[in-house]
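Chemist: The residues making up each chain are set out below.
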Amino acid sequence: MKKIININLSSRLIPIEDSAYEILRQYLDSLKRYFSQEEGAEEIVGDIESRIAEVFQDKIRKGAHCITDEDVLAIKTSMGTPEQFEDEPLNSNTGKSEPSGAESYARYIRPRKRFYRDGDNKVLGGVCSGLGAYFNVDPVVFRILFAIMAIGLWGGGILLYFILWFATPEASTAAEKLEMRGERVDLNNIKATVQEEMNSFRSRMEKMGDDVKNFSEGRGKQFGKDAGSAIESFFRGLANAIAFIAKGFFVFLAVVLLFISVVGLIVAAIFSAALFPIKDLVFDAGTQSMLFWPALTLVIGIPILALIMFLVRKMVGIRQTNKYAGYTLGFLWLLGVIFSVWLAVSVTRDFSAGRISEHDDFRITQPTSGKLVIRKAEDLFEMDDLNIFDGHLRVVDDTAIIGDISLDIRRSPTDSFAVRIEKSSRGRTVAQAKTLARQIQYHLQQQDSVLFIPSGFSIPRNSLYRNQRIEITVLVPVGKSIVVDREARNHFHFRRNWRNEWWDDRDNEWDNNDQIDVKMNEDGWERKVPQEEQQQKSQQDSLHQHYRYKGPEQPASTPVEDSSEKEKKQSGSTTAVRLASFLFESTFSNIAQ
Amino acid sequence: MNIDNTQSQMRKGVLEFCILSIIKQGEAYPSDIIEKMKEAKLDILEGTLYPLLTRLKNAELLTYRWVESSSGPPRKYFSMTEKGEAFYLDLEATWNELANAVHQLTQQNNTIQ
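Protein chains in written order, with the numbering used here: chain A, 1 to 593; chain B, 1 to 113.
In short, the hints are calculated from the structure, not lab data. All C-beta atoms, glycine included, are put in the ideal place defined by N, C-alpha and C. Possibly wrong hints are sitting among the right ones.
[Unchecked claim] Distance windows between CB atoms, simulated:
#1 V67/B x F135/A: 24 to 34 Å
#2 S31/B x L124/A: 19 to 29 Å
#3 E70/A x S69/B: 44 to 54 Å
#4 F135/A x D43/B: 30 to 40 Å
#5 P73/B x F259/A: 49 to 59 Å
#6 S19/A x Q108/B: 55 to 65 Å
#7 Q7/B x D138/A: 36 to 46 Å
#8 S31/B x N121/A: 38 to 48 Å
[Stated by the list, open to error] Heads up, simulated BS3-like pairs for lysine-lysine below, C-alpha to C-alpha not over 30 Å straight-line:
#9 K36/B x K519/A
#10 K76/A x K83/B
#11 K207/A x K36/B
#12 K76/B x K59/A
#13 K3/A x K76/B
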């Protein structure tokens, strides 16, 4: 059972079987491609079509119901296929001698060359034989090259091979095989290609111009031939301009895509390099570690792979797309996204158990002067090179160092100083969180009245990062003082009740001296102002009463602005830096919490 | 040395001359030309005839007109231009020279053997 369709061939109505039509169409396409470089190609193909139509119509008139496969094959035999023309003597330009059949034949196929896989000479996928045909080199060369790359580049050759395999179609029809072998790529051919395209574009536009001309003449003679030809030449110019712009745009697009893909690769490399040291800290040894690499590779790798494939296609000029490759890539990418979501959910659940704390009292020797000094311990812990998790996490050799330490300074209920350390952690279960909190190593040191606080604490390298944190509470008895080193103030995170004090405002410029010295009174904190500052203060006391205070929103910057221009200039830049760092820190710590 | 190649080179020059001679006898339709060539046992694919005719027409050696046919749309009938006539005469002269020369040489060959 076959479907019969009606076609219009050279203005003749021909009933033809569906399959026969398919053969005829392919045949005519191959002829068009074959003659496309010939002058008057359209005329030649038109004549042939017209002849075929005549023969077919003759058949119908003699009583055939429709044109069958056999009829089409018969006409193909009598007309000849492009492969047969190769052997025919008449198909070369008169006067030029042809050294061989293949050469003369090469003149008539399009100068464009496309990269196809050569299924006829394949060993695996036909990629190497296709490359061989494309570059006119023995495919063995490429086979050896791929073998070397496969060993030398950690399987890079294999990957490249598969990319090419997926990205390129196999040359199955005769026309595709012609394109695969193509012509030698040289300057003349490139020029010819461009000219050919320009010509076809121009002829289309010329037709359009003619239509416009016919239209104008048909509508009324008042436009006359001048107007017609003016319009025609206008369209011709427009066509050239459009063709030029289109070509330029295409090249530009290709370059941009190439650039994006390179940047993407670099970003991916940096991203994975940054993640590498903390991978084991964040992900547990089971499912999460197993999921991590597939998720990362698929989510980032697949789009890059797709882009490379796209560029390869564009560069070798393949028009048709392999939809299975698209589906496969889409599926793999979706799989990567699913892995990522799974991983994210799993990791989030690892932080789900509430914060579990472990208390630890530090035995402090009461300072004889009644003044406790808080300083950052001298250690090599600096967090500024690699900021992960708000700069709180760093991996050094065999330990992970966490810098998430906060200080809370309060009034003591007793008449002595006391220091309490609270280690806390999150975890999947309460038990896990407890274990992790207990694992934290943290030791304060006291020398006379100075309390040294380490800037970070360590957890074992094979342990997990689950937002471990340390909070140190310093209790100051009434009537005693506490001095906070400026370095310590900047490094540690201070609790709200301390921060809200006007004299601790980081935006303030009073702090040219390197410490904050405050005394605990019955009714709250009182700051001991250094000598010189006190003098200035007394001069501006009236101003202070209006401006100085207290709410967290209001920056108490006025006293200094009034105090001295010189001072302001000196500290202006540091203030800006501090303001910026303060803003960043508070923003990120809000997000982190 | 490829025998096919040599043969096709030989045929190439001759075919053009033959086609022109058929058209010289009067207006001809491409399938008529094919028929006549077949009668003379000089087979040619139709698919190669059309490009050749177009090429000769573009070289202004041939011209054509549309002739109404009994069976459907008009057909192209080719005839020779003045330029074509001159071209044909040149070819004919060359052919005769060549034929004589070849004949003479091959005869000599035969007599030596």
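Chemist: Which hints, by number, does the structure contradict?
Modeler: 1, 2, 3, 7, 9, 10, 11 and 13
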